[in-house]
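J.: This is what each chain is made of:
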Amino acid sequence: MKTIAQQRVIVSLLMVSGIVAWMTLGVAVNGVMAQTTTEAPPATSAPAPGGTPPTAAPAPPAKIDTGDTAWVLTSSALVLAMTAPGLALFYGGMVREKNALGTIMQSFIILCLISVQWVLWGYSLSFGPDVKGIVGSLAWMGLNGVAMDQPNADYAATIPHQAYMIFQAMFAVITVALISGAYAERMKFSSFLVFSLLWATFIYDPLAHWVWGKGGWIGTNGGLGALDFAGGTVVHISSGVSGLACALVLGRRLGYGKEHMAPHNLPMTVLGASLLWFGWFGFNAGSAVAAGALATSAFVVTNTATAAAALAWMVAEWLYRGKPTVLGAASGAVAGLVAITPASGFVGPLSSIIIGAGAGFFCYVAVIVKSRLGYDDSLDAFGVHGIGGTWGALATGLFASKAINSGGADGLFFGNPGQLWLQFIAVLAAWVLAFVGTFVILKIVDWTMGLRVSNDEEQLGLDLSQHEERAYS
Amino acid sequence: MKTIAQQRVIVSLLMVSGIVAWMTLGVAVNGVMAQTTTEAPPATSAPAPGGTPPTAAPAPPAKIDTGDTAWVLTSSALVLAMTAPGLALFYGGMVREKNALGTIMQSFIILCLISVQWVLWGYSLSFGPDVKGIVGSLAWMGLNGVAMDQPNADYAATIPHQAYMIFQAMFAVITVALISGAYAERMKFSSFLVFSLLWATFIYDPLAHWVWGKGGWIGTNGGLGALDFAGGTVVHISSGVSGLACALVLGRRLGYGKEHMAPHNLPMTVLGASLLWFGWFGFNAGSAVAAGALATSAFVVTNTATAAAALAWMVAEWLYRGKPTVLGAASGAVAGLVAITPASGFVGPLSSIIIGAGAGFFCYVAVIVKSRLGYDDSLDAFGVHGIGGTWGALATGLFASKAINSGGADGLFFGNPGQLWLQFIAVLAAWVLAFVGTFVILKIVDWTMGLRVSNDEEQLGLDLSQHEERAYS
Amino acid sequence: MKTIAQQRVIVSLLMVSGIVAWMTLGVAVNGVMAQTTTEAPPATSAPAPGGTPPTAAPAPPAKIDTGDTAWVLTSSALVLAMTAPGLALFYGGMVREKNALGTIMQSFIILCLISVQWVLWGYSLSFGPDVKGIVGSLAWMGLNGVAMDQPNADYAATIPHQAYMIFQAMFAVITVALISGAYAERMKFSSFLVFSLLWATFIYDPLAHWVWGKGGWIGTNGGLGALDFAGGTVVHISSGVSGLACALVLGRRLGYGKEHMAPHNLPMTVLGASLLWFGWFGFNAGSAVAAGALATSAFVVTNTATAAAALAWMVAEWLYRGKPTVLGAASGAVAGLVAITPASGFVGPLSSIIIGAGAGFFCYVAVIVKSRLGYDDSLDAFGVHGIGGTWGALATGLFASKAINSGGADGLFFGNPGQLWLQFIAVLAAWVLAFVGTFVILKIVDWTMGLRVSNDEEQLGLDLSQHEERAYS
Amino acid sequence: MKKIEAVIKPFKLEDVKDALTEIGVFGMTVTEVRGFGRQKGHKEAYRGTEYTVEFLPKTKIEVVVPDNLAERVVETLIRTAKTGSIGDGKIFVMNLSEVIRIRTGETGDRAL
Amino acid sequence: MKKIEAVIKPFKLEDVKDALTEIGVFGMTVTEVRGFGRQKGHKEAYRGTEYTVEFLPKTKIEVVVPDNLAERVVETLIRTAKTGSIGDGKIFVMNLSEVIRIRTGETGDRAL
Amino acid sequence: MKKIEAVIKPFKLEDVKDALTEIGVFGMTVTEVRGFGRQKGHKEAYRGTEYTVEFLPKTKIEVVVPDNLAERVVETLIRTAKTGSIGDGKIFVMNLSEVIRIRTGETGDRAL
Ligand SMILES: Nc1ncnc2c1ncn2[C@@H]1O[C@H](COP(=O)(O)OP(=O)(O)O)[C@@H](O)[C@H]1O
Ligand SMILES: Nc1ncnc2c1ncn2[C@@H]1O[C@H](COP(=O)(O)OP(=O)(O)O)[C@@H](O)[C@H]1O
Ligand SMILES: Nc1ncnc2c1ncn2[C@@H]1O[C@H](COP(=O)(O)OP(=O)(O)O)[C@@H](O)[C@H]1O
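The listed protein sequences correspond, in order, to chains Y, G, Z, W, A and V.
Be aware that the first sequence starts at 22, since it is given in the working numbering, and climbs by one per residue.
Be aware that the second sequence starts at 22, since it is given in the working numbering, and climbs by one per residue.
Be aware that the third sequence starts at 22, since it is given in the working numbering, and climbs by one per residue.
Be aware that the fourth sequence starts at 20, since it is given in the working numbering, and climbs by one per residue.
Be aware that the fifth sequence starts at 20, since it is given in the working numbering, and climbs by one per residue.
Be aware that the sixth sequence starts at 20, since it is given in the working numbering, and climbs by one per residue.
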């Protein structure tokens, strides 16, 4: 009992000191804040050299486009809706009633936690000035120098830099939340908070830099040239593979394989899946950071792949088990969304049907196999996001076409086998970072505060044991 | 038992061969796909005739507007949300608990099924090159020639052609899903899938062509000139009247009129109705396919008519029964949304109040009358969409005004009685096609695979009998 | 019994005569409607004075920007989603099962009622031509002169006037709905309707004029210069303080403090809170009425403050009670949204963390104190909106910075203590109007029709007693 | 007085209630229960996991009647709750030592 | 030992529990039930369809007590569960042949 | 015949059912109940308000068996439902005067 009390104190102190630190920081940097509007414009708006003849107009300063900005803001809101209520309900409906609130809370509070982390240091680590291709520097901490009224042409030339920042914030949020499917129904709330904060900082932020950051070593913004339009490696492989590590380190839920662990509210899960689909248009089509041809194409293939994946999972289940299930269709849709994510800016609608159908099929197989292998990835974070993300990243190397996106690359089926190899390297890097990093963080958290709730608490459920609340009265 | 097994085999084979066919097709046309970006620009950008003096610039090629594109993409996402989660929950909450998932599944899987159908052949049949005013040709199968980066000025001059295509996809989806309110709680899942696919192909696609397709015989794009801004005939009359046919052909639910069949979860239904309202802004205001005055006006009248309809239903019920109900208000709102749909681009706010109030009143009467007539339109697909759509289509002929939309027409009350006649023809055509077509399709499906679940399965509920799942555990 | 019957008759008559009146009005003004497109353009497009040389183009007429319009329409839809389903579920989940539908209905029907009120006279009273700084005139009744195709530069220079009108409609709707948290579980439905209509007309409409109307005495559009970007005083103080008046006048719920009154469905409440967050981007970032730097900044600080507030409430609760709760986190998020609302267009991201954290903390304290004081603000309309709104309005006077919005003002921390004083005046004015006005309206309604349901009806629940429906069957 | 408990198929409740009312039973208490017996359950599947559910939804009716009415109640129950297929349920009869109506304090047959 | 079952109005549960605890009852088991009796039900309406619901929500309390406590329990139940209006419910008393506490295996009055 | 009612911890149901089936019990009826006893409840808090919840979720099993099987059933229940910690629950045994199988009309031990 004493240790529990102690831990509580420690955690409390941690939290409080965190909050206090933030506030101090806040006040301190307050002056800076006033300058976020006056970021020295980058190269794009450099004053034209004096001698330029008047007829040759100087390069116009990067200009904010209202249509593009409207679309990216809308997309940011859509991606927020993916985490809460989307993922919160998708996962919340799949657990047992006694853990419903606790599971919903995980998505909800990650949204809160990472939103603040992102503004304070996460965005800087991910997208700030490059440090050896590995990580962003801390120069943009507290959004110092991230303009609200000017674009940063490295990332998005026609919308305010802060619009790009907040759009990316939603990606960081949902990635951390996706992992919670793996450790659902048994993780201690305080440890969960600490784990999530560490994971975001030490896994997500660097990985995002590798793939999307200016100068990151993997991506197309100065790196090897692996393609990841909206986050196959950064979001789905990273969360899915980390989920696998969580499932292995935490071990199975009490009564796994013996007790009835049916989802307590599948309509809630379908609602969540539908909101994921809805929000994912922001995720993928928003990743064009402009409202034009590319966003349109990404929108179309996202919808098509998702539909095909749901049908494929349904058919696979129908053939294998004899009945098509609703949870299967919903899971298939999510698998399709996952798989099309990295490809969405590079492939056409017919390719997307194949990518989607493959996702539905592979992820269904993964889920079946899991129940044979016996590890307890409670809500299939790995089975859906790990497998679906890997398939999607590789499929991008197969189906990408410069006819769709001249800024991308051709894949194997369009005559460029090298791209598949690049995709493979990106996948491997993401797998290794996610698995090893998560393993280390979990072990540290386990040694210092413990990862799992006690058996009694698990029996009672997270809602009552962690929050003293019940979902339904 | 043998026949059931056989049917299962047949269905399975059908499904599999379908999927396989799609994939083959996919790979085959993959090359084509690369060309979706390079569609030969249509007439709008025809080369200026040789003799034009150089100073007079040639007609500028149709240009993509970012604001319009942002709005249409947003609207597409909104309309998706109408089907799932919107309609799925609206209907799902109204059935008994044992059918909750099965009912939700109907909307969800239609979204998947028709999304793929639309890309493969649906869009081509509806909007492809006209064949005698009756249907589109198959020239645009697999989106062949549907550009992602250029507008098709026949349909929307300032957004990519694919953006228009995906916006329309969501219309096809929800129309098919709306019918499910009529046969809820008793249709076999496999037959339901086949029915939906046939219905979309043989009823929806031609009807959409008649009214909206370039050259369709009914509409304003080269036809008689009947007005249907966002789908009064195409979406609501077609689904509602088809629902009536379903209710008549399938017969009543077991225990109808005797057992307690109260909605199992009305908060879910209100949630669904609210999401319908939310998404309907995309439906109606999005139908302007641009973000300007017309979209704004459509948005305003949509909201106003909906509100008025909910109040009208509530008042009617209060007077007639003594209590206003929540389901009544929600149903009234949906009735208002239905009725304003065809009129939304042609009428002003005060007219919209009358159209809405009329919808609330007429649909309430329809619902009362139904329970006297004794056919079992389980969730009032006909009572709300059939009646509301018919009223809306006719009301468009009464209240339309060129002062609102110079590209439209004046209605009876603005001095043009002929328009009402045109509206009447459109209504009649939609009724006939929907009723007869649905009747034929149902009979075919009934003869080959049977329409209803067995009595035991109906008693057990769709969730367990069709999907081996329970909504709540 | 007789009086009940009589009241019903009176109410019925009222309702009917209302509807009839509207319709008459509708038909009567129908002609006017046709002119809503042709509003004489205001000053902005005044003909250039004669002497201007032809080469110097006259000031271009205000032009509709598609990106801005897309954003404001999207925002309007988002704000609608805040009321229904957002608030409806947020509140609906917090009440006991027997009142679930009745509570949801309050938000839903207010959406209907005020949508119509706004079009008929509400918008005119709020934003119509100024009458002595106190209220708008009735000149714009029935949207007479509110153009669908031209901006009104007094309010928004780049979107159709009707787009601004409908965006504002959603604000009026949600404000009235927010109050329902205070009188939940005990108010008579008919009285509730009358109260809401009167409150909107006599409290909301004038207050909106004071703060935002052209010429209103408090705001920046010709008034004292108090800042309220998106509704701290107009929306949150007004609804929260009115809620306090309701709680005091109506008295406690039967069994308050003795019976178990736990929320019946907290997942529903979290869903509602998440939708509020989602929709609030429209509320705050939409209040820029353009899709540019200001909208972006408002979006960013909205998200950041909300996250910080949820964390602060959670930590406060953790320290004070020993466990962090899910309802606490959700409530904190809403408190943060409330508090950042008036500031969202004037402060930077680090300030927003402080504003948010303060909101989480102060509102938690308010809620704790309430349970000591013993008045029954059932769902803490005052505790969250009254306190949070007041804090936010004052904090705007502390943290506002012209570096963020040159059209705003500096706050105390940026060297302008006078602004805090202005904010204080605005707060005071809103408190007084809301409290006194609500008190008077409540008394009038109480005398004429009674405010509360009978004890038996309260025992039975609103769902059965007011609507003869049950939420779950 | 006798207390008669019957476990029946849920959709039979309306019929049973009507029939009992007809023969002069003025009250009953009903509980949703789950039954396990010879009737086989159903399968459920959620992603990779299958469950066999052996407890089926049943409705339990409790009726307290004067001794002389007991037999007719049992007969009526058998008649109206029977479908003939497995799982129709059971009737249990037991003695009560006392019955009291809370509202009035009446006891015995008069309390019914 | 006696088993006393009472069907009461749900909102009376807290009062009843407190009163029983006071007179020395250490345990009870409670079930949500639906009751049919003289108390009339309510109407419900969903779109065109109306239902008369005759089963009302009630709470069933089961208390097992030594014979000598039975009478006081019944009195207490009557006193605290009564509102005086129709539908207050019934009390049924029956004999038990044995009681066992699972945790310890104790039987008879000591098991209570 | 005897009717044996046991109030147990919900998560023990599967084990108990399996064990009872093994010793030859072919049917049982299960109800979700809430129990009040020596086991202390838990706190709940919603914003400013705290509640102490003294009723805990329990599962009630009803098994009717021939007299000669009763003792074994009780033993089996004790064995399988026991965790040793407070709140394991109680077993109540009472006599039945009659049992009937609705489907066939069989009575007595043959109805089980
Ligand atoms: N021995 C028993 N004790 C208590 N309840 C029983 C017993 N046997 C059966 N039941 C109840 O009766 C129901 C029907 O029993 P079952 O054996 O399935 O069919 P049948 O009554 O037609 O033989 C079961 O679901 C269970 O609720
Ligand atoms: N004969 C009976 N057998 C079992 N339960 C009964 C019987 N009569 C009444 N009840 C229960 O008692 C409740 C109250 O009975 P009712 O006749 O409505 O009022 P009162 O007890 O005041 O006469 C009923 O809802 C039902 O649950
Ligand atoms: N006198 C009683 N009458 C009816 N049920 C009882 C009685 N005493 C206990 N119970 C039931 O048994 C359960 C366990 O009892 P409790 O006193 O908590 O633990 P234990 O059985 O280990 O002594 C209670 O929750 C309640 O449902």
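These aren't lab readings, by the way, just hints derived from the structure by calculation.
C-beta: ideal position from N, C-alpha, C; glycine also.
The reader is advised that the hints may include incorrect statements.
[As the list claims (entries may be wrong)] Here are the computed distance ranges between Cβ atoms for each label pair:
no. : chain 1 : residue 1 : chain 2 : residue 2 : range
1   : Y       : GLY395    : A       : PHE30     : 29 to 37 Å
2   : G       : GLY343    : W       : GLU33     : 37 to 45 Å
3   : W       : ARG98     : A       : GLU51     : 26 to 34 Å
4   : G       : TYR277    : W       : LYS62     : 40 to 48 Å
5   : V       : GLY103    : Y       : PHE445    : 54 to 62 Å
6   : W       : GLU125    : V       : ASN87     : 58 to 66 Å
7   : V       : SER104    : W       : ILE105    : 51 to 59 Å
[Claimed, not checked] Cross-link-like lysine to aspartate or glutamate pairs, in silico, EDC-like; alpha carbons within 20 Å at most:
no. : chain 1 : residue 1 : chain 2 : residue 2
8   : W       : LYS101    : G       : GLU478
9   : V       : LYS59     : A       : GLU90
10  : A       : LYS22     : A       : GLU125
11  : V       : LYS36     : V       : GLU81
12  : A       : LYS62     : Z       : ASP151
13  : W       : LYS59     : G       : ASP170
14  : Y       : LYS119    : Y       : GLU479
15  : A       : LYS22     : A       : GLU90
16  : A       : LYS22     : A       : ASP37
17  : V       : LYS22     : A       : GLU81
18  : A       : LYS59     : Z       : ASP151
[Claimed, not checked] Beyond 12 Å from chain A on every Cβ pair, some chain V residues (computed):
no. : residue
19  : LYS22
20  : PHE45
21  : GLU51
22  : GLU73
23  : ALA100
24  : THR102
25  : ASN114
26  : ARG129
J.: LYS59(A) and ASP151(Z) were given as a pair; does the straight-line alpha-carbon distance stay at or below 20 Å?
T.: Since the Cα atoms of LYS59(A) and ASP151(Z) sit roughly 58 Å apart, the hinted pair is violated (cutoff 20 Å).
J.: Per the stated criterion, does the least C-beta distance between LYS22(V) and chain A lie above 12 Å, as a non-interface residue requires?
T.: 10 Å, violated
J.: Would the pair LYS22(A) and GLU125(A) pass a check requiring their Cα atoms to be no farther apart than 20 Å?
T.: 18 Å, holds
J.: With 12 Å as the threshold, tell me whether ALA100(V) passes as away from chain A on beta-carbon distances.
T.: Label violated. Min Cβ-Cβ 5 Å, cutoff 12 Å.
J.: Starting from the range 51 to 59 Å, see whether the pair SER104(V) and ILE105(W) falls in it by beta-carbon distance.
T.: 39 Å, violated
J.: Minimum Cβ separation between ASN114(V) and chain A greater than 12 Å?
T.: About 6 Å separates ASN114(V) from the closest Cβ of chain A, which leaves it inside 12 Å; violated.
J.: Is the claim that GLU51(V) lies outside the interface with chain A correct, judged by CB distances over 12 Å?
T.: Given a closest Cβ separation of 8 Å, the condition is violated.
J.: Evaluate the given range 29 to 37 Å for the C-beta pair formed by GLY395(Y) and PHE30(A).
T.: 49 Å, violated
J.: Against the range 26 to 34 Å, how does the distance between the Cβ atoms of ARG98(W) and GLU51(A) compare: consistent or not?
T.: Cβ of ARG98(W) to Cβ of GLU51(A): about 29 Å, so the range 26 to 34 Å holds.
J.: Take the C-beta atom of GLU125(W) and the C-beta atom of ASN87(V), compute their distance, and say whether it sits inside 58 to 66 Å.
T.: 40 Å, violated
J.: Are the Cα atoms of LYS59(V) and GLU90(A) separated by 20 Å or less?
T.: 27 Å, violated
J.: Keeping to a limit of 20 Å between CA atoms, is the pair of LYS36(V) and GLU81(V) held or broken?
T.: It holds: about 11 Å lies between the C-alpha atoms, which stays within 20 Å.
Checked against the numbered hints above, the structure violates hints 1, 2, 4, 6, 7, 9, 12, 13, 18, 19, 21, 22, 23, 24 and 25; every other hint is satisfied.
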